[in-house]
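Engineer: Between the sequences and the hints, there should be enough to build the whole structure, so can you do that?
These protein sequences, in sequence, are chains A and B.
By my numbering, the letter at position 191 of the first sequence is numbered 191, and the numbering carries on one by one without gaps.
By my numbering, the letter at position 87 of the second sequence is numbered 331, and the numbering carries on one by one without gaps.
Think of the hints as simulated: they come from the structure by calculation, not from any bench.
These numbers were taken from a predicted model, which means no experiment stands behind them.
Possibly wrong hints are sitting among the right ones.
[To be verified] The calculated label-pair distances, taken between Cβ atoms and stated as ranges, are: (1) B/TYR386 x A/ALA75: 43 to 49 Å; (2) A/ALA75 x B/LYS417: 32 to 38 Å; (3) B/ILE340 x A/ALA75: 55 to 61 Å; (4) B/GLU389 x A/LEU178: 26 to 32 Å; (5) B/GLU389 x A/VAL78: 39 to 45 Å; (6) B/TYR386 x A/SER143: 33 to 39 Å; (7) A/ASP171 x B/VAL485: 54 to 60 Å; (8) A/ALA75 x B/ASP276: 33 to 39 Å; (9) A/ALA75 x B/GLN359: 39 to 45 Å; (10) B/TYR386 x A/LEU178: 32 to 38 Å; (11) A/ASP171 x B/ILE340: 37 to 43 Å.
Note that the Cβ used here is the ideal one computed from N, Cα and C, for glycine as well.
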Amino acid sequence: MNRWQRSVGEIQARRKQVSKCEHAQSALGRVTACYQQMATSLGSNTDGSSLREELERTRALAHRICTGLHQSLLALLVETEQGQEDREQVERLWVLFLSCLESFQQDLRRVSTLEEIFPLTQRKDRQALVNTGAVGGGSEVASRAATVQVPWATGDEEPRPDLRAHVVEIDGLLQEMLRSVNIPLWSVEPTQKAWAEACKDGQDELEDVLEEMMEVEVVSQDNRASGCCSHSTCRLGCAFCLLN
Amino acid sequence: MTIKLIRDHGQHYRPRMACLKKVEALLIEMQDPKSGVNSSEQKLSVTSIPHVIAGKDIIAWITSHMKVDTQEAQAVGTMLVAFGFIYPLQDPKKLILKADGSFYRFQTPYFWPAQKWKAQDTDYAIYLAKRNIRKKGILDEYEQERYEKFYKWLNHKWDFIVNQAKEQNRAGKQRTKADRVVFDCQERAYWIVHRPPPETHSAMDYGVDRLFDPNAEEEKTSYYYRRIIIFTQQAIMRPKVKSTVSLGANPWQTDDDAYWTLNMPEVCQPEPAERNKQKAQGKQDGVVWSTVPQPSPRGPPDSTRSAPSPHLLQCSELFEPCIVDLPTKMTVERWSFSFLELLRDPCGRANFRLFLKKEFSGENLAFWEAAEELKWGAASAISEKAETVFKMFLAPGAPRWINVDGRTMALTVKGLQCPHRYVLDAAQTHIFMLMKKDTFYRYLKSPVYKDMQKKAISPAPHNFTEAQLEQNSRNRKPGLHPFVTWQRQQEEKARAAAATAPIDIKKLIANKLERQ
Chain A
1 MNRWQRSVGE
11 IQARRKQVSK
21 CEHAQSALGR
31 VTACYQQMAT
41 SLGSNTDGSS
51 LREELERTRA
61 LAHRICTGLH
71 QSLLALLVET
81 EQGQEDREQV
91 ERLWVLFLSC
101 LESFQQDLRR
111 VSTLEEIFPL
121 TQRKDRQALV
131 NTGAVGGGSE
141 VASRAATVQV
151 PWATGDEEPR
161 PDLRAHVVEI
171 DGLLQEMLRS
181 VNIPLWSVEP
191 TQKAWAEACK
201 DGQDELEDVL
211 EEMMEVEVVS
221 QDNRASGCCS
231 HSTCRLGCAF
241 CLLN
Chain B
245 MTIKLIRDHG
255 QHYRPRMACL
265 KKVEALLIEM
275 QDPKSGVNSS
285 EQKLSVTSIP
295 HVIAGKDIIA
305 WITSHMKVDT
315 QEAQAVGTML
325 VAFGFIYPLQ
335 DPKKLILKAD
345 GSFYRFQTPY
355 FWPAQKWKAQ
365 DTDYAIYLAK
375 RNIRKKGILD
385 EYEQERYEKF
395 YKWLNHKWDF
405 IVNQAKEQNR
415 AGKQRTKADR
425 VVFDCQERAY
435 WIVHRPPPET
445 HSAMDYGVDR
455 LFDPNAEEEK
465 TSYYYRRIII
475 FTQQAIMRPK
485 VKSTVSLGAN
495 PWQTDDDAYW
505 TLNMPEVCQP
515 EPAERNKQKA
525 QGKQDGVVWS
535 TVPQPSPRGP
545 PDSTRSAPSP
555 HLLQCSELFE
565 PCIVDLPTKM
575 TVERWSFSFL
585 ELLRDPCGRA
595 NFRLFLKKEF
605 SGENLAFWEA
615 AEELKWGAAS
625 AISEKAETVF
635 KMFLAPGAPR
645 WINVDGRTMA
655 LTVKGLQCPH
665 RYVLDAAQTH
675 IFMLMKKDTF
685 YRYLKSPVYK
695 DMQKKAISPA
705 PHNFTEAQLE
715 QNSRNRKPGL
725 HPFVTWQRQQ
735 EEKARAAAAT
745 APIDIKKLIA
755 NKLERQ
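Structural biologist: Listed below in structure tokens is the structure:
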């Protein structure tokens, strides 16, 4: 095999690695988003031991993805030198990974504090949970998180750390990452433009309804005279149904 | 990554918002379904959301639980809303507790305010992006501005932000509609507290962060010791005059009072009539006792409809202090409040100068004015002015020799060898105190002052109605540009110079010949 074919093979392998990292990054993003959504119901009346277990599972999944992604990104950084096409993408992924870790760590800290404030060990602790008006648990969100594929077949070999240790571990990881790799943040450019994420044609019908539902509450109390009906278009009067 | 400039220095030792923990405990009691506030359901068009509380119920519960009166319960309730523990449903941007049937809900503990987690810009950016994705054009103007700023500052993270926003949206879609409405309300309330809309105040604003730990022991390095040595040296060298002696006041006057007397003389002086009474009393005892300084009103009680102010009359010339022939009664009365007021007003100063001329002791005021000129004048003229001042006032046998004590004189003369702006400061203060303690009171009793009081006019009150006042304020034009004032001054100076210049006979004859 001459040099050319070898290098082509190398490039292809590298590209595959990079795309794998991209997928992993989006997976990590999904997992952390689900984690955050579940964490918002901690301490509320929808809290429960099942929610906490699901949080743990999601965290373990995130941990697996994190470690795998960290290793592959490091390897890629070592491989690619400055000036190659993939290098930019790898740097971008690195920076995104850093931000994701930071945000995840903050969520973890919050979750550990909240779990301390609202322990669920005794029955009377359930009284302390704040009635926020939510009804459903976080199970749907958790199932979404569970569907995320881990691109690396690490299995259950690595022991997953408990919450506090995880926070400390991420701290160490972040510091090490910032120290060892010298990528200036200003050199990374985003692929999205400002306001670009909103230009979606197929915006959900559901979204409009949601916004209007939230706005219903903003209506002032002056027009009590408006007769309300249970007709679906008469949204204005429906906030005052409570009076009857 | 995110630049963590502000670390948690000492905040966990001395949290500045200890109330937050107490409020949390209160809130947990409030939301108890049995012994807490009555909650009801909020019916929306498709579903109903439980756990809604009314404002008046909250106040009633606080009144009975904390055993306070309604006003205080209202204040506590407003605090709860302002911090974000309870959020209003009907007017989410106005964080107050209304004592009527308006609805509130408890905030989930994830969004409770905590001083140690500062609300991060990244999260706010994600929130704005989320709302933008859901419906384009829903962001308010100030939110759009902030979005633009974030796009610039958090540019390196922007992909992450947008990605997270999308994922959180998708994760949220898994929930039931009622839950989504609840969550959106919660998040919106959280961000209204932590990133308030412009011109509103956030209750979480606790001032500037500390940059060092107030409880940490400072390392005893050589720099530290050097600082301490310099500080103690200067403390020893400082002249130790008691503030009572320097102010010539009541020996029981504390430094605090002295501070206020020096810095706000018009507030702390007792009224003139009272002061005269005190002086009469004091003269009997031989010691001047003054009572604890009471704040006296600065002007007449009804200051809205008396002397027309420059603002109302839209006359820009009146903004500069000028010597008028007939000051108003209020101005004349103001001269008696404190010596400083008298000197500030050019009319008053002129009057005082007249009085001093009659008493043949004008050199004090002249020296004071010369010192002021030195302080405020041009730097190039300093040495020149200092020379003149020395020759005129300070030299032994000078024409207008001022009477300062030996120590001050020695200091001043020594300082004049290398003159700077404040070289006459000690002597000026001494003379000022001299005039204030002695001459000023004699002036207030003198016929010169009494004459001025009689001559002073009571100006006619203005007849502007409220509407006209507002109209005036709207039509206000900018006053004279300082350049115009300077030009006028230059012209006047030129004219004065021309008038006093020695007359050139040749030119005069030449002009006359030309005319002929």
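Engineer: The structure should be examined with respect to each hint, and the outcome stated for every one.
Structural biologist: Evaluated hints:
1. Roughly 45 Å separates the CB atoms of B/TYR386 and A/ALA75, a value that falls within the hinted 43 to 49 Å.
2. A C-beta distance of roughly 36 Å is found between A/ALA75 and B/LYS417, which places it inside the suggested range of 32 to 38 Å.
3. A beta carbon spacing of about 57 Å between B/ILE340 and A/ALA75 agrees with the range 55 to 61 Å that was offered as a hint.
4. Between B/GLU389 and A/LEU178 the beta carbons are some 31 Å apart, a value that agrees with the proposed interval 26 to 32 Å.
5. Restraint check, B/GLU389 to A/VAL78: a C-beta distance of roughly 42 Å satisfies the suggested window 39 to 45 Å.
6. Hint check: B/TYR386 to A/SER143, Cβ distance near 38 Å, so the stated range 33 to 39 Å holds.
7. Remark: the range hint 54 to 60 Å for A/ASP171 to B/VAL485 is upheld by a beta-carbon distance near 57 Å.
8. Checked against the hint of 33 to 39 Å, the pair A/ALA75 and B/ASP276 fails, with Cβ atoms roughly 55 Å apart.
9. The beta-carbon spacing between A/ALA75 and B/GLN359, approximately 41 Å, falls within the hinted interval of 39 to 45 Å.
10. Hint check: B/TYR386 to A/LEU178, Cβ distance near 33 Å, so the stated range 32 to 38 Å holds.
11. For A/ASP171 and B/ILE340, the Cβ-Cβ distance of about 40 Å falls inside the hinted range of 37 to 43 Å, so the restraint holds.
Checked against the numbered hints given earlier, the structure breaks only hint 8 and satisfies all the rest.
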